[in-house]
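Protein chains: 4
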Amino acid sequence: MIKVAILGASGFVGAELLRLCAAHPLFDAVRLFGDSQAGMALADVHPHLALAYPAARVERFAPDALDGIDLVFAALPHGQSQAIAADILGRGVAFVDLGADFRLDDAAAYARWYKEEHKAPDLLGRFVYGIPELHRDAIRAAKAVAAAGCYPTTTILALKPLLPLIDPDTIAVSAASGVSGAGKALKEDTHFNTVDENFTAYGLLSHRHTAEMEMELGGKVLFTPHLAPMNRGILATCTAQAKGPCDPLAALAEAYAGEPFVHVSERSPSVKWTLGSNAIHITARYDERTGRILAIAALDNLVKGAAGQMVQCANLMLGIDEDAGLSNVGVWP
Amino acid sequence: MIKVAILGASGFVGAELLRLCAAHPLFDAVRLFGDSQAGMALADVHPHLALAYPAARVERFAPDALDGIDLVFAALPHGQSQAIAADILGRGVAFVDLGADFRLDDAAAYARWYKEEHKAPDLLGRFVYGIPELHRDAIRAAKAVAAAGCYPTTTILALKPLLPLIDPDTIAVSAASGVSGAGKALKEDTHFNTVDENFTAYGLLSHRHTAEMEMELGGKVLFTPHLAPMNRGILATCTAQAKGPCDPLAALAEAYAGEPFVHVSERSPSVKWTLGSNAIHITARYDERTGRILAIAALDNLVKGAAGQMVQCANLMLGIDEDAGLSNVGVWP
Amino acid sequence: MIKVAILGASGFVGAELLRLCAAHPLFDAVRLFGDSQAGMALADVHPHLALAYPAARVERFAPDALDGIDLVFAALPHGQSQAIAADILGRGVAFVDLGADFRLDDAAAYARWYKEEHKAPDLLGRFVYGIPELHRDAIRAAKAVAAAGCYPTTTILALKPLLPLIDPDTIAVSAASGVSGAGKALKEDTHFNTVDENFTAYGLLSHRHTAEMEMELGGKVLFTPHLAPMNRGILATCTAQAKGPCDPLAALAEAYAGEPFVHVSERSPSVKWTLGSNAIHITARYDERTGRILAIAALDNLVKGAAGQMVQCANLMLGIDEDAGLSNVGVWP
Amino acid sequence: MIKVAILGASGFVGAELLRLCAAHPLFDAVRLFGDSQAGMALADVHPHLALAYPAARVERFAPDALDGIDLVFAALPHGQSQAIAADILGRGVAFVDLGADFRLDDAAAYARWYKEEHKAPDLLGRFVYGIPELHRDAIRAAKAVAAAGCYPTTTILALKPLLPLIDPDTIAVSAASGVSGAGKALKEDTHFNTVDENFTAYGLLSHRHTAEMEMELGGKVLFTPHLAPMNRGILATCTAQAKGPCDPLAALAEAYAGEPFVHVSERSPSVKWTLGSNAIHITARYDERTGRILAIAALDNLVKGAAGQMVQCANLMLGIDEDAGLSNVGVWP
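Residue numbers (the UniProt record's numbering), protein chains in the order written: chain A, 1 to 333; chain B, 1 to 333; chain C, 1 to 333; chain D, 1 to 333.
Hints listed in this document are in silico derivations from the structure and should not be mistaken for laboratory results. Note that this is a predicted model, so its numbers are computed, not measured. One or more of the hints may lead you astray.
Since copy identity is lost for identical chains, a pair holds within one copy or between any two.
[As the list claims (entries may be wrong)] Dumping the calculated DSSO-like pairs for lysine-lysine here, alpha-carbon to alpha-carbon at most 27 Å: (1) K220 to K160; (2) K220 to K243; (3) K3 to K220; (4) K220 to K187; (5) K187 to K143; (6) K187 to K160; (7) K115 to K243; (8) K143 to K184; (9) K243 to K184; (10) K160 to K3; (11) K3 to K187; (12) K160 to K119; (13) K220 to K184; (14) K220 to K143.
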């Protein structure tokens, strides 16, 4: 068994990592760190995990807590990974980080979008950007992976194979996310009565995930995220000016042939098809009337957009089956 | 009192018209037509109206049923108004139709988008397109109004004042609607288990409301509607290439100063602010980074996008207070 | 116009009072108090009210702030009314309080259920318990009313006419509420991701509203509230041992004949029929098999269960039409 | 591998069986029957299964279609199993039926609750009632199991260990179910706009699942089911007169010690903890004030209340690990 430590175990992604580890044939989640709930029984923090981890407790993180660990999953608030990455990298263990800290390869872009200087710019080059379908070989060879964000994963997988067909400076992405993307912190924006029966755009012109999209896609991306009244799921609706008549669906089908978690189809995808699974469903069209392409992708932001992608990356890093512990079937309905 | 007949009283818009008439100081809904439920007590069809209309019944429509009526509201399935419009127009009563039948001024555009020939093309010129904020004087003078569709109302009000600032051939609209927009008919797409916890795009490249948008906005509009898991509400997120640096929010504020139902604000609007009301909330931005404008509008599809707009138009046609029977306050939370 | 002050204007009930006052022919909400948001424009606190109250601001409460006020609505956190009631009563203005502070007529029952001594027990007798259908004459004659709680209103209206038919010591009430009943405060229990797609019981054996039910119904009530994933609405499902075969539906119909906001019907009521309205829908059955009665009632917890009932009581106190400013039609769907 | 046939593959339970089989180490779903969608690719009927079953098709059932099959799962509309049970039993294969057809051991009770004569009363004795926690040994020895209904599983598991403590003739059960319990058929009751933001009781005094509860619990059960606006989940809130002071939580903990899918805890259970899993969470209290017990249980109606329980039963019948293919961790949030 592979000994796994989870940093941020009391959050939504931490909980999801624990759910996936419970189904994984080789991952044994032996250390669960979460400062805000340290000392509590896991069953009290996450009752849905009570039967699977009857004796587990959440601990406060300490420097030597990773001794004997083979794999570190970090799902920490933005910025915290920068403080501990050097130590973890020094241990030589496999490290998959979900924060935004090490996703961008350019410290200047980080400072521009995150409004602060990067605290460990020399480590940026040590991390591979974690989208297995696009960087599989590099992930296999890496000791550290910065798993892609939920919106970027959806958008980049929908558009990257279409780059030869479009003008990347005309990309517009309108995406809707379930509320879990905002995390477990208590905010007026995530109060049930704010979100239920509501739909609203946020982060207008300024959402930080734009940086990842532009890093992978090139061009100027106008990204508008929305909050939808659902627990999970992201749907990204992407448009761009086409260079000419083209078949974007064929381009996607060719690019993702044989991928275990990517389903390309003419049918307009539903986020619900992916609930709890590591699948992403994608479609695309060329619009003769306007000369533009339309590409739409759907995934579960906590799985393919977070914990599942982390497990998929870790599987690759550790040389085990890429789909170990992961389902490609959504919980439906 | 003004004697009102409602065609389509057993549907969602019919029910909403009845709710609004119950609050209207002058409208008395005396004849309720609905073929599929004809003969039933209204309280059995719509229990939420039982206290307001304890004795009302739904009737089958017949040619002479409109004798003595002052105002006809029609909320019928697509195509049915074409068959009865000539008769209603011949009576000289005020007529507000919500169907798509008489919205477009061009029978060829109708045939192109609706995939069938228009059956009463000679009557198209008799109808004013029903968005009071844009065609108030014409509505005041009209005997017949074709109230705008829900998506077009949202999009057109968000973008029309910005036309001097943008290239209309680059407009892209990504909109989300509550499920009531699809009506009361039983379809797999509107089964609770299909929609709940889901988000999906539909009508890709081909939604008929595009025609209304292009009629009012000019240019080529790429419109992508989505179904969101909520009863009501439409949010339209619109982008277009700007001609240059500009202040779209100021343009909106100027255009709608003094409008009783339009609220322009820097804040990103929420559909929930409009629930049950005739209000529309709009914001806009100019994005220096990409040179594009972003405009976002929210309304209740069954009120400002349907029944409320019908009442607002009828108020104008009949020379009474434009806001009679209408609220500008959403039911929140 | 009647000058109205609202204490707790930034909360959910305060917002609902403002919505109802905007529709009321005589109520002018001129002073809005809310300490936590004092100084903010109302449009920033409650954007859904922006068009109706464009210039209003939320103020900090001060002793002399009620000068010139005719009617005080208080929707404050539990316990706060006890501190200010003497001053308000001294002014001789109409006062409708929604807190639990003055609902019970027995200070000992208050101490037992609320786990603290009452701070103004001598004022308890000055307040009439605010359910107009049961205490209309007393409310008309009162200067101070303690509007009933949301669960008690639902339960008491469903059961009080049935008391001659049942053994009150066998009453069991299982009720479900929308989340707005828990207020606007940020709590893990009201985070969207806690509530959405969830259903759970809370306050087992100990919910304080039991005290009001027992005060009005007599007997021993076992009350189990549940949280349902919806903004508003309460449904109370009540059972009790019958004294013998009986017709509880007829008893309800007789008791509420002519009531403007009570609808008695054989049909099982839906909370959605009442959304945004002051209506309550009730049904009942006698079960021959078990010898028990089943009574079910539905209302909107923020209207008939809070702000609407407050307005209804104030209308009675001030001698104006009981239904002024109130709708009996739910916003449906 | 065990060759599995699924009757009713195009319904909700059929889809869930396919999801569970995809995760099962030994079950190979090789024949999928569903008359209404016969001939369609499974990926078109259930897109969420497209990656797991890329080549599967739905077939029309025919007498010889079960040749070579080891295990039959039937999830058919009420009444259909009676017509085919004799043939399946004659084959000697393992048969798990989810319909109500063979759950009751008494044909008279069937006729009384289902309002029709049973068509194969002689086969009733061949089926074991499928709740593994209560009838494990009998299921192990059986060739045919009638898996318990969703409401009965929840209620019976909550109350059976408490029978020595209570008067069974005073049991009242108020339960709420997600909409998937009503199946995929298109009905006004399951239209999104009927259910969303709604809560309502149905089947008053007459829900057929009462029969199963009384069979297993004895006594007179007054059962009132409700529809809640969620996809899945059942919460049953059960009360009964206690014989005297008692500790029902201890009784439950003792009864279910070591059970892989039952979690007994003082905490009030949430249906969401069980989403997609085969877990059931239960709590109980004795109320000194009223002398009654309160027991509450939560599960996923499509898993522990349907497909998961079927798999659990089949695992026992086939002598493989009871939890093979089943998770005890809910998909949360």
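Here is what the structure says about each hint:
Taking CA atoms no more than 27 Å apart as the test, K220 paired with K160 passes in both settings, with 14 Å inside one copy and 25 Å between copies. Proximity of K220 and K243 under a CA criterion of 27 Å is satisfied in both settings, with 16 Å inside one chain copy and 17 Å between copies. In this homomeric assembly, K3 and K220 never come within 27 Å of each other (Cα to Cα): the closest approach is 42 Å inside a single copy and 53 Å across copies. For the homomeric pair K220 and K187, neither the shortest alpha-carbon distance inside one copy (31 Å) nor that between copies (39 Å) is at most 27 Å.
Neither within a single protomer nor between protomers do K187 and K143 lie at most 27 Å apart by alpha-carbon distance, with minima of 36 Å and 39 Å respectively. In this assembly of identical chains, the alpha carbons of K187 and K160 never lie at most 27 Å apart, being 34 Å within a copy and 35 Å across copies at closest. In the homo-oligomer, the alpha carbons of K115 and K243 never lie at most 27 Å apart, since the shortest distance is 35 Å inside one protomer and 29 Å across protomers. Taking CA atoms no more than 27 Å apart as the test, K143 paired with K184 passes in neither setting, with 29 Å inside one copy and 46 Å between copies.
When the C-alpha separation of K243 and K184 is checked against a cutoff of 27 Å, the pair qualifies neither within a copy, at 43 Å, nor between copies, at 42 Å. Taking the shortest alpha-carbon separations for K160 and K3, neither the intra-copy value of 35 Å nor the inter-copy value of 41 Å comes in at or below 27 Å. Taking the shortest Cα distances, K3 and K187 never come within 27 Å of each other, neither inside one copy (35 Å) nor across copies (35 Å). In this assembly of identical chains, the alpha carbons of K160 and K119 never lie at most 27 Å apart, being 30 Å within a copy and 46 Å across copies at closest.
For the identical chains of this complex, K220 and K184 are neighbours neither inside a copy (32 Å) nor across copies (40 Å), given an alpha-carbon limit of 27 Å. For a Cα distance limit of 27 Å, the shortest separation of K220 from K143 qualifies neither inside one copy, at 31 Å, nor across copies, at 49 Å.
Checked against the numbered hints above, the structure violates hints 3, 4, 5, 6, 7, 8, 9, 10, 11, 12, 13 and 14; every other hint is satisfied.
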